[in-house]
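Number of protein chains: 2
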Amino acid sequence: MPVNYTVPAPDQLLPIAGVRLGVAEAGIRKKDRRDLCVFVLEPGTTVAGVFTQNRFCAAPVQLCRQRLVAGEEIRALVINTGNANAGTGEPGRRLAEESCVALAAMLGIAPAQVLPFSTGVILEPLPLERLVAGLPAALADLKTDNWHAAAHAIMTTDTVAKAASRELTVNGKSVRISGISKGAGMIKPNMATMLGFLATDAGIARPLLEKLVKEVADLSFNCITVDGDTSTNDSFLMLASGQAGVHFASESDAGWAEVKAALTAVAVELAQAIVRDGEGATKFITVAVEGGKTREECRLVAYAIGHSPLVKTAFFASDPNLGRILAAVGYAGIADLDVDGVKVWLASGADSVLVAEQGGRAPAYQEADGARIMQAAEITVRVDLGRGVASAQVYTCDFSYDYVKINADYRS
Amino acid sequence: MPVNYTVPAPDQLLPIAGVRLGVAEAGIRKKDRRDLCVFVLEPGTTVAGVFTQNRFCAAPVQLCRQRLVAGEEIRALVINTGNANAGTGEPGRRLAEESCVALAAMLGIAPAQVLPFSTGVILEPLPLERLVAGLPAALADLKTDNWHAAAHAIMTTDTVAKAASRELTVNGKSVRISGISKGAGMIKPNMATMLGFLATDAGIARPLLEKLVKEVADLSFNCITVDGDTSTNDSFLMLASGQAGVHFASESDAGWAEVKAALTAVAVELAQAIVRDGEGATKFITVAVEGGKTREECRLVAYAIGHSPLVKTAFFASDPNLGRILAAVGYAGIADLDVDGVKVWLASGADSVLVAEQGGRAPAYQEADGARIMQAAEITVRVDLGRGVASAQVYTCDFSYDYVKINADYRS
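Chains E and W, in that order, give the protein sequences. Here the working numbering is used: position 73 in the first sequence is 73, and no number is missing along the way. Here the working numbering is used: position 348 in the second sequence is 348, and no number is missing along the way.
Heads up, some of the hints might be wrong.
Identical copies look the same in the list; a pair holds intra-copy or inter-copy alike.
What the hints assert, rightly or not - Cut-off 25 Å, straight-line C-alpha distance, at most; resulting in silico cross-link-like pairs (DMTMM-like, lysine to aspartate or glutamate):
1) K405 to D319
2) K30 to D402
3) K405 to E378
4) K211 to D336
Keep in mind the hints are simulated off the structure, nothing from the lab. Quantities reported herein were computed from a predicted structural model and do not represent experimental measurements.
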């Protein structure tokens, strides 16, 4: 049961002109579930992506990277669940390539214009024949108004499909954004991975989009953690079709700030949905660290808190266990941190309580205040390091019995 | 229930001439439990220690560091459980100092010759009066043959006391080593911490002991992880009384290698006992990484595997989930790792199986072999990075329902 999240209804997800989606049941791993999704992009659509830093990156990730670096004009995406094509070596790369060859032939484009994405069981060969056999049905299903189905077709152990849309007026034109994501742990090597696809009908020049995708990921998909593990297949792709009649080539272009903010907001929503659906999650936690010398040191502290099993079990227990939070701040890795300058608040909505300062419990802090906030389903841990002006946020969930149950019992 | 560990019987723990121990029930936090332990050292005993890197280090840790850096001749240790005196700021430092003043007055030594250690609830003032009131009983109990009682007196949430001894003949003399440790999670800020005390009747010059304590810690207490958290109070102290009639001033001295090896072995045993008693542990896991360019990169990989909640829940489930191990190797942080050169084995005793090579599952690997090994209570994950000759080991335990239960329900 996700924390405060349900997927928007189909009619709340906006079609993006120039981006058609089709889904099918290819039976790649299980029967009777949508497990294949194809994106077909009009010519002129720009594409940029960021991918897992895991050295065991999957075959499709390797192909995506090559094609984007080579500057290919991407015209289609093929996404399968049920098999991650990871840990499969050179044969895996050939199978990923052949899935692109098959889709390219059906669309009359070059194989290098197709990007492949896979998620599911690893260390197993991709069932290429079933995937290819499913492509005609996915192509027959192509339409711009298909984000809801696509969000479902990329699910693995997700308990809920994840999608978001937004519309804004920029330079007198309507600009639309739609996106989908999947993932429930940061990694499940059997049913791997975080995937995110974000499309807009604004036009964005490739160099600008390549810079944007890193900045957006840094504020969204790179700020979430369920269990600290990084998958072999993590991918986040942004698509800009240009069909809305507004085009951006530079950060100084009029309207760019609004479009960038809206794209970032949708990406944050999609990333947070993954945490809200985190394995066993019962609470959604924002760790907001400010007052650092650099963003990087703020991230260190935020991740130390967000990764600590002791902090996360305390949230599950609604226990305002300050010691665990302070200890995580202390071991995060800032060698010259003056703990006497650190302040910590617990907050839920407008209810905010200073819990620690000057190296220990805040004098005015009452345990009842902490206990009240810890009962909430959405909690913010705010930390002021008291040594600068940088900040960073991390989104995470609590750590419950069900996390262990899901990950100990799970074997697909 | 610890994994394959029971504390040795009292007569298996060897007295160390020059090191007397006394315990008492001071009622610092709970009634009817030994919670106070005093070490009294003969003049000439050398002392060296390593302490937590946590910036929120506790008041007694700060005092210990100061006194050891200042080169004080340490003559006594005072150790309490039930209160960690951490997150207590300047008042906490004064209370720690006053506990030393009280013990020093009773012993006729200077306060700076006493090292204080505390473990227990944090963010609460140290109940100094009760501690001081318990000192006469602890001093009345002083004897060299008291390691078993001392091991019990430093326990907090440990389910078993931890102690070890060894005797060897060096340069024609009998040399004895005894030690105790405590800890069950790497940190429990309410009932904090790992403590280790290791004494020998060999004489070891202070500079040599200071170098040794770092090396020994690096191979023992710094190689264990239960949940990746680092406590505010972690301390490891080595004492050398010199009463055995053998003295070492240099690493080239005859017999030093044997003494060093024996001290290291006892420290490893004490450190491993903490993991065996890890919260909720049902299995003891050794992660042995070899073939690295540096020891540091081997440690990175070993800790990535040893910290991964996904790997640890798979061990709990006896699931030979290779993907989770490979993924942890991949995200450990070696940027130029060639995954095709990585090999992974699972082993239990002499039963060893190559499970992964060349970026994926080993061709000859049968899941039944992995499943058989995963049933064992003691399992080794061996990783060859295939790029050098360095190695490192990390000891950890699995991650069970009970870990969450202990840490979610626990509030002292």
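**Report entry** Hint numbers contradicted by this structure
**Finding:** none
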